[in-house]
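Engineer: If you're matching them up, the sequences are chains G and D in order.
With our numbering as the guide, the letters of the first sequence map in order to residues 1 to 434.
With our numbering as the guide, the letters of the second sequence map in order to residues 1 to 166.
Hints should not be assumed to be uniformly reliable.
Per the computed footprint, the stretches of chain G lying under chain D, defined by three or more beta-carbons under 8 Å from a beta-carbon of chain D, are [to be verified]:
hint, segment
1, 67-75
2, 370-382
In silico EDC-like cross-links for lysine to aspartate or glutamate, where the CA-CA straight-line distance does not exceed 20 Å [what the hints assert, rightly or not]:
hint, chain 1, residue 1, chain 2, residue 2
3, G, K182, G, D172
4, D, K53, G, D374
5, D, K109, G, D374
6, G, K84, G, D97
7, D, K109, G, D372
8, D, K2, D, D63
9, D, K53, D, D80
10, G, K33, G, E82
11, G, K395, D, D80
12, G, K308, D, D63
13, G, K33, G, D172
14, G, K226, G, E116
15, G, K395, D, D9
16, G, K24, D, D51
Quick caveat, the hints were computed from the structure, so don't treat them as lab data.
All C-beta atoms in this analysis are idealised placements derived from N, C-alpha and C, irrespective of residue type, glycine included.
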Amino acid sequence: MRYVIIGNSAAGIAAAQAIRGRDKHGSIMILSKETCSAYYRPLMPLFIDGRVSDDALYQVLPQSLLSTEIRLGAEVRMIDTECKELSLASGEILPYDRLLISTGSSAQRLSIPGLEPSEVHVLRNMADVEAIKLAAEGADRALVIGAGRVGTKAAMALRRRGLDVAVVEQGDRVVPFQFDDKASQIVRRGLEGWGIQLHLERTVRGIEKVDGKVAGVVLDSEEFLKADFVIVAVGIKPNADLGKQAGMLVRTGLVTDRFLQTTAPGVYAAGDVAETVDLITGENVVPGTWTAAVEMGRVAGGNMAGAKHEYPGALPLQNSFVIANIPTVSIGMVHAREGDGPYTVVSETRGETYRKLVFSEKLLVGALLVGDIDAAGFYNGLIKAGTPVESSREKLLDRRPGHALWGRHMATACGLGSQSHTNFHAPVFGHNEP
Amino acid sequence: MKEVFVHLDRCMGCRSCQLACATEHSASKNLFQAVTETPQPRYRLYVERADGKNLPITCRHCDPAPCLEACIAGALSRDDKGAVIHQESRCIGCWSCLMVCPYGVVGRKQEERLAVKCDRCRDRDVPACVSACPTKALVYADPEEFASKVRKVQAGIIVGAMAQHT
Numbered sequence: 001m002r003y004v005i006i007g008n009s010a011a012g013i014a015a016a017q018a019i020r021g022r023d024k025h026g027s028i029m030i031l032s033k034e035t036c037s038a039y040y041r042p043l044m045p046l047f048i049d050g051r052v053s054d055d056a057l058y059q060v061l062p063q064s065l066l067s068t069e070i071r072l073g074a075e076v077r078m079i080d081t082e083c084k085e086l087s088l089a090s091g092e093i094l095p096y097d098r099l100l101i102s103t104g105s106s107a108q109r110l111s112i113p114g115l116e117p118s119e120v121h122v123l124r125n126m127a128d129v130e131a132i133k134l135a136a137e138g139a140d141r142a143l144v145i146g147a148g149r150v151g152t153k154a155a156m157a158l159r160r161r162g163l164d165v166a167v168v169e170q171g172d173r174v175v176p177f178q179f180d181d182k183a184s185q186i187v188r189r190g191l192e193g194w195g196i197q198l199h200l201e202r203t204v205r206g207i208e209k210v211d212g213k214v215a216g217v218v219l220d221s222e223e224f225l226k227a228d229f230v231i232v233a234v235g236i237k238p239n240a241d242l243g244k245q246a247g248m249l250v251r252t253g254l255v256t257d258r259f260l261q262t263t264a265p266g267v268y269a270a271g272d273v274a275e276t277v278d279l280i281t282g283e284n285v286v287p288g289t290w291t292a293a294v295e296m297g298r299v300a301g302g303n304m305a306g307a308k309h310e311y312p313g314a315l316p317l318q319n320s321f322v323i324a325n326i327p328t329v330s331i332g333m334v335h336a337r338e339g340d341g342p343y344t345v346v347s348e349t350r351g352e353t354y355r356k357l358v359f360s361e362k363l364l365v366g367a368l369l370v371g372d373i374d375a376a377g378f379y380n381g382l383i384k385a386g387t388p389v390e391s392s393r394e395k396l397l398d399r400r401p402g403h404a405l406w407g408r409h410m411a412t413a414c415g416l417g418s419q420s421h422t423n424f425h426a427p428v429f430g431h432n433e434p
Numbered sequence: 001m002k003e004v005f006v007h008l009d010r011c012m013g014c015r016s017c018q019l020a021c022a023t024e025h026s027a028s029k030n031l032f033q034a035v036t037e038t039p040q041p042r043y044r045l046y047v048e049r050a051d052g053k054n055l056p057i058t059c060r061h062c063d064p065a066p067c068l069e070a071c072i073a074g075a076l077s078r079d080d081k082g083a084v085i086h087q088e089s090r091c092i093g094c095w096s097c098l099m100v101c102p103y104g105v106v107g108r109k110q111e112e113r114l115a116v117k118c119d120r121c122r123d124r125d126v127p128a129c130v131s132a133c134p135t136k137a138l139v140y141a142d143p144e145e146f147a148s149k150v151r152k153v154q155a156g157i158i159v160g161a162m163a164q165h166t
């Protein structure tokens with residue numbers, strides 16, 4: 001069996017491991033468009049400020065992948081699903097029996113009048129992060145457009161390097177995708193405490209240049225912000241073109257079935273490029289998190305090698321994110337408000353900590369924790385397993401649901417009560433045989 | 001491969017396991033010195049009490065392991081004995097592992113901003129928690145061997161019950 005994987009990151013590597021776990025002899029080839037070996041993309045902001053070294057940025061491949069052929073700098077031009085062949089940019093033709101598309105996503109770009117694409121930085125690939133490091137050397141001021149996860153992380157990294165940093169965001173709050181108003185306010189104060197200037201509800205209207213070099217930007221409020229370089233962080237889009245050209249169904253991402261197969265037989269998709277279902281709502285979603293990419297890669301890889309594992313879906317929002325030294329966790333439906341449809345909310349604010357749980361009838365469907373992330377794993381488990389919550393909601397929110405509650409839910413989860421968590425290997429507790 | 005099992009009916013909730021765990025993972029590996037160490041040694045299993053029962057909650061070293069799959073820094077890996085091992089030098093304290101562990105057994109070393117979890121005491125033949133348990137509520141055994149013992153006990157109970165009825 002010839003397995004080919006396009007993309008050398010979270011999903012692709014997890015898939016290769018899963019394939020090797022089931023098929024000891026098949027040939028596995030991973031193709032990477034990038035010329036560097038696999039790295040941990042989420043660590044890139046920490047690489048900018050030097051908190052993560054060169055070594056720690058790169059992945060250490062497990063022993064089981066020693067026999068995998070990894071081709072760097074190999075760009076795929078076309079997939080021929082009829083003949084089961086790939087053509088590379090070099091002109092080479094590669095046959096496959098099973099194919100995984102794990103091409104990830106690209107940074108969205110903005111068109112700003114007067115600014116060439118080459119003058120704007122994004123933060124997505126190794127080349128991007130190297131370019132940002134270079135731009136930051138000798139620079140005094142940086143401007144970041146977009147106050148999402150990547151934008152705020154990049155801003156913090158540059159701030160830690162000692163630059164003056166301004167962030168322009170068109171929405172009315174920071175990290176809008178994963179924080180509600182209250183959470184955003186706490187994080188906003190944190191960022192401002194670090195000396196980052198936030199310009200919310202503003203857009204960049206134009207650019208000012210001196211001697212052909214970027215000198216600053218003009219906002220829609222006519223305000224002028226000095227900047228030596230500009231980073232755009234306004235979201236990502238799945239790299240689904242290869243699949244689309246080959247005739248696979250694409251909505252936001254490459255559409256997959258419950259076995260993570262695309263609409264082309266023998267071709268699977270995983271990671272940021274793949275569209276699956278929301279574990280809670282059942283709606284179509286492109287999860288775009290590292291965790292989901294690894295899970296999907298593992299499931300898709302197993303299925304490529306003959307397993308029939310169903311992927312239950314992903315949480316589009318499942319993030320643990322430390323920003324301005326504030327730990328935060330956002331899982332599931334964090335934006336729901338009391339009285340919206342079937343939702344009820346319990347929350348608690350103590351100074352700069354904020355904890356909020358969202359229920360849909362008896363099910364926990366969202367958890368937003370800022371400043372105090374205790375029991376995050378417990379909430380995540382309840383949300384993913386869909387275990388009904390019988391106990392007091394306020395108690396569940398308590399800093400240590402530990403004691404009685406955690407124990408009770410654990411007992412349920414481990415099969416002492418109703419069966420759930422079946423996907424966990426849990427040969428625990430004498431009463432319950434492995 | 002051996003794993004840590006729990007006999008729920010034998011746990012008295014004495015927390016000797018927690019103490020032994022923290023001591024084993026201290027710099028001195030000696031209880032009397034360990035209590036004075038900074039940062040304080042952390043234990044990696046948790047005895048909780050619910051509905052009148054004691055519940056020692058241990059790391060299952062799940063396969064697939066949610067913590068391992070969530071780690072964005074490559075700090076978690078599986079060793080040749082099947083245990084999920086945490087490598088401090090690669091940990092960035094993002095708490096992704098903590099967020100996805102449904103058993104709540106990934107802890108935090110707040111001072112150092114590092115995650116901390118069970119390593120099944122790599123340097124020992126038998127994990128410290130198991131050795132310390134006075135009632136043998138914690139058992140370190142091969143799943144097959146453990147299951148067969150459970151079957152034997154159950155068989156004894158069934159035979160005993162049958163004998164009473166005849």
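Engineer: Against each hint, give a clear statement of whether it holds in the structure.
Structural biologist: Status of each hint after checking the structure:
Interface restraint, the segment 67-75 of chain G with chain D: violated (0 residues with C-beta to C-beta distance below 8 Å; minimum three). Residue count for the segment 370-382 of chain G with a Cβ under 8 Å from a Cβ of chain D: 7. That meets the three needed, and the coverage hint holds. Distance check on the hinted pair: K182/G and D172/G sit about 12 Å apart at the alpha-carbon level, within 20 Å; holds. Between K53/D and D374/G the CA atoms are separated by roughly 23 Å; this puts the pair beyond 20 Å, and the hint is violated.
For the proposed pair K109/D and D374/G, the alpha carbon gap of about 13 Å is at most 20 Å, so the pair holds. Between K84/G and D97/G, the direct Cα distance comes to roughly 7 Å. Compliance with the 20 Å bound is thereby established for this hinted pair. Restraint check: the Cα-Cα separation between K109/D and D372/G comes to about 14 Å, which is no more than 20 Å; the hinted pair holds. Taking the CA atoms of K2/D and D63/D, the gap is about 14 Å. The hint holds against a cut of 20 Å.
Distance check on the hinted pair: K53/D and D80/D sit about 34 Å apart at the alpha-carbon level, beyond 20 Å; violated. Between K33/G and E82/G the alpha-carbon distance is near 23 Å, which puts this suggested pair outside the 20 Å criterion. Proximity of K395/G to D80/D is assessed by CA-CA distance (about 41 Å); at most 20 Å being required, the pair is judged violated. Restraint check for K308/G and D63/D: the C-alpha separation of about 17 Å stays at or below 20 Å, so the hint holds.
For a cut-off of 20 Å, the pair hint linking K33/G to D172/G is broken: about 37 Å separates their Cα positions. Restraint check for K226/G and E116/G: satisfied, since their Cα atoms lie roughly 18 Å apart, inside the 20 Å limit. Restraint check: the Cα-Cα separation between K395/G and D9/D comes to about 27 Å, which exceeds 20 Å; the hinted pair is violated. For the proposed pair K24/G and D51/D, the alpha carbon gap of about 48 Å is over 20 Å, so the pair is violated.
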